[in-house]
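K.L.:
Produce the complete structure using the sequences and hints provided.
Line order of the protein sequences matches chains A and B. Going by the UniProt record's numbering, the first sequence opens with residue 1, and the numbers climb by one from there. Going by the UniProt record's numbering, the second sequence opens with residue 1, and the numbers climb by one from there.
Treat the hints with care, since some could be wrong.
[Stated by the list, open to error] Far from chain B, by Cβ distances over 12 Å, these chain A residues were calculated:
no.: 1; residue: His70
no.: 2; residue: Val133
no.: 3; residue: Gly217
no.: 4; residue: Val275
no.: 5; residue: Pro448
[To be verified] Stretch by stretch, here's where chain A covers chain B in the computed footprint (C-beta under 8 Å, at least three residues):
no.: 6; stretch: 6-14
no.: 7; stretch: 58-64
None of these hints come from the bench; they were simulated from the model. All values reported here derive from a predicted model rather than from experimental measurement. Virtual Cβ for every residue (Gly too), placed ideally from N, Cα, C.
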Amino acid sequence: MSDALRPLIVGAGPAGIRAAQTLVDAGLRPIVVDEAASGGGQIYRQRLVPDNRTPRDLYGSEAGKATALHGTFARIRDRIEYLPHSLVWNVGDKAADVAAGGRTRRLDFSHLILATGATDRILPFRGWTTPGVFTLGGAQIALKSQGCAIGEQVVFLGSGPLLYLVAWQYVKAGARVAAVLDTAPFSAKLHLLRGLPSQPGVVLRGLRYAAELMARGVPVRFGVEPDRIEGETRVEGIVWRERSEKHRLACDAVGYGFALRSETQLADLAGCRFVFDGRDRAWRPERDIAGRTSVSGVYIAGDGAGIAGADAAELAGERAGLALLEDTGVTVDRARIVVLERRLAAINRFRDILEAAFPFPGGWADRVDDDVLLCRCEEISIGQARAAMREQGVHELNRLKALTRVGMGRCQGRMCACAAAEILAAARGQPLEAVGRMRTQPPIKPLPLEIAADGETA
Amino acid sequence: MALLKRLARHELLPVPFILNGEARSGRAGDTVLTAILTHTDELRLSDFSGTPRAGFCQMGACQDCWVLTSDGQRIRACSTVLEPGMNLRTIAEPRS
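P.N.:
In structure tokens, the structure reads:
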């Protein structure tokens, strides 16, 4: 194997680890850069130190997959160059800037595999910045990694498989779940029955979560429209509408989200061409089923390439690794490629069913009030954004950002860009893809001003 | 009053730290966010309106959990590991 090959993998979740394993098996020594302290990504996130919980306690039905993935990463550990606690904050032509421990350095690479994952897709409602409101993913991390519930009386709200999974994990861990508020109507869940023949395990597991929640007396409501969080300095309750009737429930924490959004900043900086994905309601890097992007030598796998879940991420990571090998002239196992692509295609078909069962809350952008905060960093309201569209003729997201600062704050649009696009498209009566996508600026996350370049003194 | 409620990891070693000048205790394996929010209910005030914030995504994406160390360094609480003797301050002044 050529020593000149120096593949860089960004992200050590299911996709990144399987990609790394595939390259290691072919005799390569990839660099794996990850922001976390240890491998697993968000879905299979590990504790910082061991405690007396079992993998089953932490990962439930997915304990076997989590343990296998962690085991693989431990086994290849000394055959990769692993940089934990490290942020890739910029990507250029065959080089990436990596910050860690107050220093930054430039890493040259021959090939790049982006496995950057996803975060919760967030839509604002009144009071969403109140202490005690977390994303669903954040609520899950608090429990898995930190052994904490986000409150004593927790409400889970939104749409997506994660809603039921996290609520169920909380109940199992002994937390009090005050309610599960699903923004989709109950009838949407009937779509899951169509998924029984192809993905019975996933469907039955989901049904079991819901059934066990109800059996333990957790109220599960459907067709919910969130109205507001009560409480000035921390969560005291939540108000929602169901068929235009208002309901209120006392609680001290809310975990919410509406499925996931891909982290695509590095693909953007790498120059990848983007396409609009109607199912994800988002622009994402263009790629083939093997994970090849429009840029030669740049591959993408996992939820950062479009939302498909952890099982797909493992398959896609391996497939992207094999694509890299194929493209460098290595003979690869064709039969394995056929299996991977067949499984990825099956999961992709199942995603349509999941999307129907856990739909985006249609009409949100038309209903949400002007005084709700759109951008939590710069504190810009939805009304201010709508006024800019109306009065200054804004019809594109980057112009909206320039005029209102929405998406210009520290999160760089991670929390607000999906909502801003929905608001802009609804206000102008245009399809979502017509308002464009926010351009990425390096550094993709804040760096300390005093950060030192490698080889220089601070 | 604490925002987060510990359900597990009670058996781990206590880790002493200072929060806004007062001696506090976290647990081995805590993030700074966990250590603070198991004692109190906010991390910072927002930059403009000065409303309280206590983190949101817990995975390093939202940038809403920055706190200060005694020497004025800003650290992201959700992705910083608690270390013994850390001297931490929540951000009590809005930026503008």
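K.L.:
The structure should be examined with respect to each hint, and the outcome stated for every one.
P.N.:
Hints and how they fare:
Every CB of chain B is more than 12 Å from the CB of His70(A) (nearest about 16 Å), matching its label as outside the interface. Some Cβ of chain B comes within 12 Å of the Cβ of Val133(A); the nearest lies about 7 Å off, and the non-interface call is violated. Taking the minimum C-beta to C-beta distance to chain B, about 19 Å, the non-interface status of Gly217(A) holds against the 12 Å cut. Against the 12 Å criterion, Val275(A) stays outside the reach of chain B, whose nearest CB is about 23 Å from its own CB.
For Pro448(A), the non-interface assignment is contradicted: its Cβ lies about 7 Å from the closest Cβ of chain B, within the 12 Å cut-off. Evaluation of the coverage hint for the stretch 6-14 of chain B: fulfilled, as 6 residues show C-beta separations to chain A shorter than 8 Å, against a requirement of three. As drawn, the stretch 58-64 of chain B meets chain A at 7 residues by the rule of a beta-carbon pair under 8 Å; at three or more, the given contact holds.
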